Amino acid sequence: MKKHFLWTFLSVFLIGIQAIAQESLFGAQQITSPEIHENGTVTFRFAAPNAKSVQITGDFLPTEKMETPMGEMDGPGKADLIKGDKGIWSFTSEPLSPELYSYSFIVDGLKTTDPNNPFLIRDVASVTNVFLVGEDQAALYRVKDVPHGTVARRWYDSPGLGMDRRITIYTPPGYEKSNEQFPVLYLLHGAGGDEEAWIALGRTAQIMDNLIALGKAKPMIVVMPNGNVIQDAAPGEGNDGMYKPQFMVPKTMDGTYEANFMDIVKFVESNYQVKADKAHRAIAGLSMGGYHTMHISRYYPNMFDYIGLFSAAIMPREDATGKVYSDIDGTLKTQMDNGYKLYWIGIGKTDFLYDANKEYRAKLDSIGMPYQYVESEGGHIWRNWRVYLTQFAPRLFQ
Numbered sequence: 001m002k003k004h005f006l007w008t009f010l011s012v013f014l015i016g017i018q019a020i021a022q023e024s025l026f027g028a029q030q031i032t033s034p035e036i037h038e039n040g041t042v043t044f045r046f047a048a049p050n051a052k053s054v055q056i057t058g059d060f061l062p063t064e065k066m067e068t069p070m071g072e073m074d075g076p077g078k079a080d081l082i083k084g085d086k087g088i089w090s091f092t093s094e095p096l097s098p099e100l101y102s103y104s105f106i107v108d109g110l111k112t113t114d115p116n117n118p119f120l121i122r123d124v125a126s127v128t129n130v131f132l133v134g135e136d137q138a139a140l141y142r143v144k145d146v147p148h149g150t151v152a153r154r155w156y157d158s159p160g161l162g163m164d165r166r167i168t169i170y171t172p173p174g175y176e177k178s179n180e181q182f183p184v185l186y187l188l189h190g191a192g193g194d195e196e197a198w199i200a201l202g203r204t205a206q207i208m209d210n211l212i213a214l215g216k217a218k219p220m221i222v223v224m225p226n227g228n229v230i231q232d233a234a235p236g237e238g239n240d241g242m243y244k245p246q247f248m249v250p251k252t253m254d255g256t257y258e259a260n261f262m263d264i265v266k267f268v269e270s271n272y273q274v275k276a277d278k279a280h281r282a283i284a285g286l287s288m289g290g291y292h293t294m295h296i297s298r299y300y301p302n303m304f305d306y307i308g309l310f311s312a313a314i315m316p317r318e319d320a321t322g323k324v325y326s327d328i329d330g331t332l333k334t335q336m337d338n339g340y341k342l343y344w345i346g347i348g349k350t351d352f353l354y355d356a357n358k359e360y361r362a363k364l365d366s367i368g369m370p371y372q373y374v375e376s377e378g379g380h381i382w383r384n385w386r387v388y389l390t391q392f393a394p395r396l397f398q
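The opening residue of the sequence shown carries number 1 in my numbering; numbering runs sequentially from there.
Keep in mind the hints are simulated off the structure, nothing from the lab.
All of these numbers come straight from a predicted model, not from anything done at the bench.
A portion of the hints provided could be inaccurate.
What follows is a set of in silico ranges between Cβ atoms, one per label pair, in the way DEER data are often shown [stated by the list, open to error]:
no.: 1; residue 1: K52; residue 2: D329; range: 53 to 61 Å
no.: 2; residue 1: M315; residue 2: T92; range: 36 to 44 Å
no.: 3; residue 1: M315; residue 2: V374; range: 15 to 23 Å
no.: 4; residue 1: D337; residue 2: P62; range: 43 to 51 Å
Ideal placement from N, C-alpha and C gives every residue a C-beta, glycine not left out.
All chains, please: the whole structure from these sequences, using the hints.
Have a look at this one:
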């Protein structure tokens, strides 16, 4: 009898401990959010019995005008959640097209993440939840049952910048066991980004795995550097420790990065199995990275046969005083005369940089410099840049 009582007591005790542990682990919220329905609608839920208002903001909602460090531009819209039983608020979206979306909640004016969704990404200093809807374009952003490449964080010596720096490098499936030499795409981030931006926000590894598996892109190495020359690595990953990321840091667009870019190329070509010639090098970047791409490719006119400008931040800057920025027209003509296989420009119709890109295309037209142009819907957003990568990569090294 005593033995039976002891086992009963222990069973109840262990079940109680397990329940407490589970509640602690899951934040005491057994809620599904987001819930993606077959028709493409998505339901979001948030438990806040004492809240007076709960809203959701995300890039799946109609845009709103907002002030940013780059001036007024379109930003994520907002929608109200409805309070239901047990203080659980909910909102169901309209049917969404296939895409990777991000969102946050606003509870009584305080912006917060979804405690029931563990999938988050950082963009500059903002952390938001993400979710994937549907197939089609979104299928390229999913982890599929295909051969996978390798993502490595390496450190390289930059004599020009006087420091060791962290870099993210994707190698294609089978690279480690292959004796083959591969072409290289240098993929540059925008203002506020770092060597984590393209791999996290841009879904580069998933995109490349899927494009290569589909036979739409050649196996290639993708090099994703940190364009902030005063940093050795992303915030929290370098010698400066953990600090709040900034949208723009000193010396970001003054020519220093472009002038010392060959330190990155030398590291890659000394440490990886690459085809080290112009025909097998590509460079592309978004926003500030597009600005860097434009200047690097013309400053080193015999280095890259493929150039991609994604919403490029081509605009006059007071700090653009470096030697890199001299004789832009002359160096563009030299780049054109030397020849290249693809000069690709993409921009959204409502991007705040639309007019600047239009003026830049007029400059190229005036000197007879050939390029290919893609104009998409939307503004200065990751949704466009991921699409541009899926359009640009298949054009490389064919």
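Hint-by-hint comparison with the structure:
1. K52 to D329: 53 to 61 Å: holds, 59 Å
2. M315 to T92: 36 to 44 Å: holds, 41 Å
3. M315 to V374: 15 to 23 Å: holds, 20 Å
4. D337 to P62: 43 to 51 Å: At roughly 47 Å between Cβ atoms, P62 and D337 fall inside 43 to 51 Å, so the hint holds.
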